[in-house]
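Those sequence lines, one after another, are chains Z and B. Under our numbering, think of the first position of the first sequence as -10, with each following residue one higher. Under our numbering, think of the first position of the second sequence as -3, with each following residue one higher.
Treat the hints loosely; a few may be bogus.
Below 20 Å or equal to it, Euclidean Cα-Cα: the simulated EDC-like pairs (lysine to aspartate or glutamate) are [said to hold, decoys possible]:
1. Z/K(-8) / B/D22
2. B/K67 / B/D34
3. Z/K62 / B/D34
Covered, in the sense of this in silico footprint (three residues per stretch, anywhere, with C-beta under 8 Å from a C-beta of chain B), are these stretches of chain Z [claimed, not checked]:
4. 5 to 17
5. 70 to 84
6. 90 to 103
Don't read these hints as lab results, they were simulated from the structure. Ideal Cβ positions, reconstructed from N, Cα and C, are used throughout, including at glycine.
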Amino acid sequence: AQKITQTQPGMFVQEKEAVTLDCTYDTSDQSYGLFWYKQPSSGEMIFLIYQGSYDEQNATEGRYSLNFQKARKSANLVISASQLGDSAMYFCAQKASGGSYIPTFGRGTSLIVHP
Amino acid sequence: NAGVTQTPKFQVLKTGQSMTLQCAQDMNHNSMYWYRQDPGMGLRLIYYSASEGTTDKGEVPNGYNVSRLNKREFSLRLESAAPSQTSVYFCASIGLAGGLAKNIQYFGAGTRLSVL
Chain Z
-10 AQKITQTQPG MFVQEKEAVT LDCTYDTSDQ SYGLFWYKQP SSGEMIFLIY
40 QGSYDEQNAT EGRYSLNFQK ARKSANLVIS ASQLGDSAMY FCAQKASGGS
90 YIPTFGRGTS LIVHP
Chain B
-3 NAGVTQTPKF QVLKTGQSMT LQCAQDMNHN SMYWYRQDPG MGLRLIYYSA
47 SEGTTDKGEV PNGYNVSRLN KREFSLRLES AAPSQTSVYF CASIGLAGGL
97 AKNIQYFGAG TRLSVL
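One chain only, chain B, in its complex shape:
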């Protein structure tokens, strides 16, 4: 059971380059999320998708776009990378269990991105 799979694990970009971070989950979860983690800032939500076909902005969406390709996959795109986007990126998913509050969020292993 793979859970949440993120690729790549590491990436170095030059300013202005573009790239797409891939995320897939095999738990049949409805909701998927992209976070960035910076020292002392905790996890900040970039975008989320409550269900297949929908996406919404989170706390820090500027400079990013997302695509919910299907129920399994949720990608994050940097169209023109900037040094301020140097961070660790996490994808996560939550399943909905019929009214239960215990919807645990499962995380991918993270992508360490450096923009030079």
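Pulled out of the complex, with its shape left as it was, chain Z reads as follows:
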């Protein structure tokens, strides 16, 4: 069974600083994708970034990057130059590339950005 672990229930960061949100996963799938979602206080789930298990380079999307360490089964989200609007819940998820249609989500990390 797949499992996603986000060990940081809450994180605090100063505006303009970088922050890393941890995510480890446990899967027997050979080919899979890793995803990060943001959930602001308004409640919607916003897709941020994707990393494929066979991608050689770490994914980047603007200020978001995914630090993918396959051997350690780690997929940490790095937010550079934090902004007040980054305050939200962040969820890590993993899904097999084929066969299984069910993504597995972590319990989330609450990020608060201080001015």
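For this one, chain Z is given, so just place chain B on it according to the hints.
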């Protein structure tokens, strides 16, 4: 492009009442999902539909039923609501892109349900 549309956004029920949460997607996606989100629990899968005509139980299916009406629509029904079903419910969908792993899951805006 509306994406995933959920109705209603808010609902208050009394214990024992029934209701149906509606979900529709306009992205021609095959797979659709219903989740509930409770504080500290993340997203828990209630039911999913891998394709039109099929539905399967997820992690927490008890007390719920679903219908995949057509490719676009996937509804969630509470036959006899209980206070334990007070939660935020999300519908989501994923398209299949021919072997690509990048099947992003798109979410509706959520339904806040309170059962008194």
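Fill in: Cβ contact check, 8 Å cutoff: the stretch 70 to 84 of chain Z against chain B, three residues minimum
holds (count 3)
Worksheet item: According to a criterion of three or more residues whose C-beta lies within less than 8 Å of a C-beta of chain B, is the stretch 5 to 17 of chain Z covered?
Response: Not satisfied, violated; 0 residues make the cut.
Discussion item. Tell me if the straight-line CA distance from Z/K(-8) to B/D22 falls inside 20 Å.
Written reply: violated (30 Å)
Worksheet item: Going straight from one Cα to the other, do B/K67 and B/D34 come out at no more than 20 Å?
Response: violated (28 Å)
Discussion item. Taking 8 Å as the Cβ threshold, is the statement that the stretch 90 to 103 of chain Z is covered by chain B upheld or broken by the three-residue rule?
Written reply: Coverage by chain B holds for the stretch 90 to 103 of chain Z (7 residues, Cβ < 8 Å).
Practice prompt. Measure nothing beyond the straight line between the CA atoms of Z/K62 and B/D34; if it is 20 Å or shorter, mark the hint as holding.
Written response: With a Cα-Cα distance of about 27 Å, the restraint between Z/K62 and B/D34 is violated, given a limit of 20 Å.
Checked against the numbered hints above, the structure violates hints 1, 2, 3, 4; every other hint is satisfied.
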